[in-house]
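Chains as they are written, first to last, in this note's numbering: chain A, 1 to 320; chain B, 321 to 575.
Worth flagging that the hints you see were computed from the coordinates, not collected in a lab.
Please note that a few of the clues may not be correct.
[What the hints assert, rightly or not] Under the rule of at most 20 angstroms between Cα atoms (straight-line distance), these lysine to any residue pairs were calculated in the SDA-like manner:
#	chain 1	residue 1	chain 2	residue 2
1	B	Lys-538	B	Ala-560
2	A	Lys-111	B	Ser-390
3	A	Lys-111	B	Ser-389
4	B	Lys-538	B	Glu-511
5	A	Lys-111	B	Phe-371
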Amino acid sequence: MMRPGLARDAAVCAAGLALLLVLPLAFPQPALRDFLIYVMAYGLLAMSLNLLVGLTGLVSFGHAAYFASGAYMFGLLMQSGRVSIPVAIVATVAGTALIALVIGAICVRLKEIYFSFITLAFQMFIHSIILTWVSLTGGDQGLMGGIPRPPFLGINLNEGTALYGFCAAVFVACVLLMRQVWMSPFGYALRLIRDNPSRANFVGIDVVRAKLGIFVFAGAMASVAGVLLALFVSGAYPEFGFWTTSGEAIFMIMLGGSQLFVGPLVGAFLLQLLNRTVTIYTEHHGLVLGLVILLIVLGLRQGVGAFLFERLARRRQARR
Amino acid sequence: MLSVQGLSKSFGGVQATRDVSIDFPKGSLSAIIGPNGAGKTTFFNLVSGAFRPDAGRVILNGQDIVGLSSLEVVRRGMARAFQVAALFPSLTVREALSAAVISHRRRSWTLLRRFPLADTAGRVDEILSLLSLEAQADTLSRNLSHGDQKLLDIALALAMDPSVLLLDEPTAGMGTEERWRMIGKVQQLWEHTGMTVLFIEHDMDIVFRIAQAIYVLKYGQVLARGTADEIRTNQDVIDAYLGTDHHVAAQAGAV
C-alpha cells in the first residue's frame with residue numbers, strides 16, 4: 001500500500017473521478033447522472049459542513065446560507081451576461097468567503113449552543129433577504145429565467161454529458177482540497193480545538209483565528225456546492241438557504257459519520273437514495289426516513305460510513 | 321525570572337488573592353502550599369493569564385504580562401499543567417504532542433504539507449523520553465492511566481519550551497508510591513532543563529524534600545515563605561496548617 005499522503009489521496013481522487021465518468025457510460029439513463037449530481041452537490045455541502053462539525057467541533061446550524069449564497073451569486077453573475085462560467089465561479093467563491101468572514105468573525109467567538117444559534121440566526125437573515133429582495137432574487141419564485149451556460153474553452157455545459165463531467169471534476173477537486181486541509185497540521189490544530197479548546201489556547205493555538213479560518217474555508221466550499229446545483233437545475237431557490245437544508249446536511253453527517261472524512265458523502269448518497277426510492281412507493285416518505293434514521297442511530301450508534309470503515313479495518317487487521 | 325507584585329483578586333465579596341508579592345529567581349524550584357481554598361489555583365490562574373487580577377503586576381522575563389491572554393502568555397514563555405489533566409482525548413500521545421510542538425513553532429497554519437511535520441519528530445521524541453512516555457506514544461490520550469495523563473499534561477506544557485513552568489498539583493489523585501515517582505520526574509525535568517518551576521502540592525514530605533523555596537498561602541495571602549527548615553519551624557504555619565488534623569479540617573470547612 002502507498003504511504004498515506006497527498007500523492008495517494010490524489011490517486012484515489014483520480015480513480016474516483018474516473019469511476020464517476022465511466023458510470024454514465026455503463027448506465028446511460030439520464031436519471032443516474034441527475035442522481036449523482038445531486039449526491040455530489042449535497043455531498044460537498046455536507047462534507048464542507050463536517051469541517052466545522054466533525055473536525056473542529058463547531059456545530060453550525062446555518063451552513064446552507066453559504067450554499068444559497070453560492071447558487072444565487074453564481075446565477076446572478078451568469079444572468080448579467082458579462083462573465084464566463086469559470087470567472088463567475090471564482091467570483092462567487094470569493095464573495096461567499098467574504099460573507100463567511102464577516103459572519104464568522106462574530107460567530108466563532110461564541111461557544112457551543114450559542115454558536116449554533118447565531119449561525120442559524122444569520123442564515124434566517126440571509127434567507128429573508130432572498131425572500132424580500134424580489135427585484136434581485138425573484139423572491140419565493142426563485143431566480144427566474146434560467147441560468148445561461150455560455151461555452152468556455154470549448155466546453156459546452158448545455159450538453160448533459162459535459163455538464164455532468166464538469167460537475168464531477170469540480171467536485172473531486174474540492175474533495176481533494178478538503179482532504180488536504182483535513183490531514184494538514186492546520187487540520188490537527190482544529191482537532192485540538194475540538195477536543196479541548198481552552199487547553200488548545202495553552203498550547204499556543206490562536207483558537208479564534210483558527211476557527212475563523214476553517215469557517216471561511218467551509219463556507220467557500222459550500223458555495224461551490226451551491227454553484228453545482230444552480231448549474232444543474234438552472235436556477236436558485238430560497239429553499240437552498242432555508243434551515244431545513246442545513247438540517248439535511250447535518251442529517252447526512254449523522255448518517256455517514258462525522259469522524260470519517262468521507263462519512264458525510266456516504267450520508268448524502270444514502271439520503272438521496274432514500275428520498276428517491278421511498279417517494280416512489282409512498283407519500284409518507286417522512287415516516288420511512290425517520291424510521292431508517294432511528295434504526296441507524298439506535299442500531300449502529302454511529303454513522304453507516306464509520307461502521308463500514310471500522311469493520312473493514314478490523315478485517316484487515318485480522319488478516320495480518 | 322518571574323516576579324509577582326501586589327497581586328489581588330476578588331470574586332464577588334470573597335478576596336481570593338490579597339496583595340501577593342513573590343520573586344521567583346530564574347531556575348528555581350518553588351512550592352506553593354496551603355489548605356484547601358487558600359487561593360493556590362487562583363494564584364496560578366492569575367499568573368498564567370487565565371484570570372485578570374484586580375490589582376498587581378506579573379513580570380515575566382522583564383515584561384508585565386497582566387492583561388495578556390493565556391495564548392500570549394504561553395508565547396512569552398510561561399506554560400502550565402492542570403490539576404485535572406487537560407488533554408485531547410481523541411488524539412494519541414504522539415499526535416497531541418506533535419500538534420503542540422508544531423503550534424509552538426508557529427506552524428499551525430501549514431496547509432500544504434501533511435501532519436505530522438517530519439522536522440518536529442526529533443523534539444517530540446525528546447519530550448516523550450524526558451517523561452518516559454515512549455511506550456504510550458501511540459495510545460489514545462483518553463486510554464492513558466491517570467499517572468500517564470498527568471505526565472502527558474506536563475509534556476504538552478514542555479512542548480512550549482517554557483522558561484517558567486506552573487504545575488498545579490502534579491501528584492493529585494495518586495498513591496504514595498506513584499507520587500514519589502511523579503515528583504522525581506518533576507525534579508529531574510527541572511534539573512535537566514533549567515526552567516523556573518512552581519508547583520502546588522499537598523504532601524508536606526514531598527514539599528520539604530525537593531522545594532528550594534516554599535510559599536504558604538492562607539486566605540489568599542502569603543502566610544510564610546522560606547526554605548523547608550524555616551517553614552517547618554515557623555510558628556504561624558504550625559498554627560495555621562501543620563497543626564493537628566482537626567485544625568486543618570476546621571479550616572478547610574470554613575472556606
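Going down the list of hints, with the structure as the test:
no.	hint	result
1	Lys-538(B) with Ala-560(B)	holds (8 angstroms)
2	Lys-111(A) with Ser-390(B)	holds (18 angstroms)
3	Lys-111(A) with Ser-389(B)	holds (17 angstroms)
4	Lys-538(B) with Glu-511(B)	violated (29 angstroms)
5	Lys-111(A) with Phe-371(B)	holds (18 angstroms)
Checked against the numbered hints above, the structure breaks only hint 4 and satisfies the rest.
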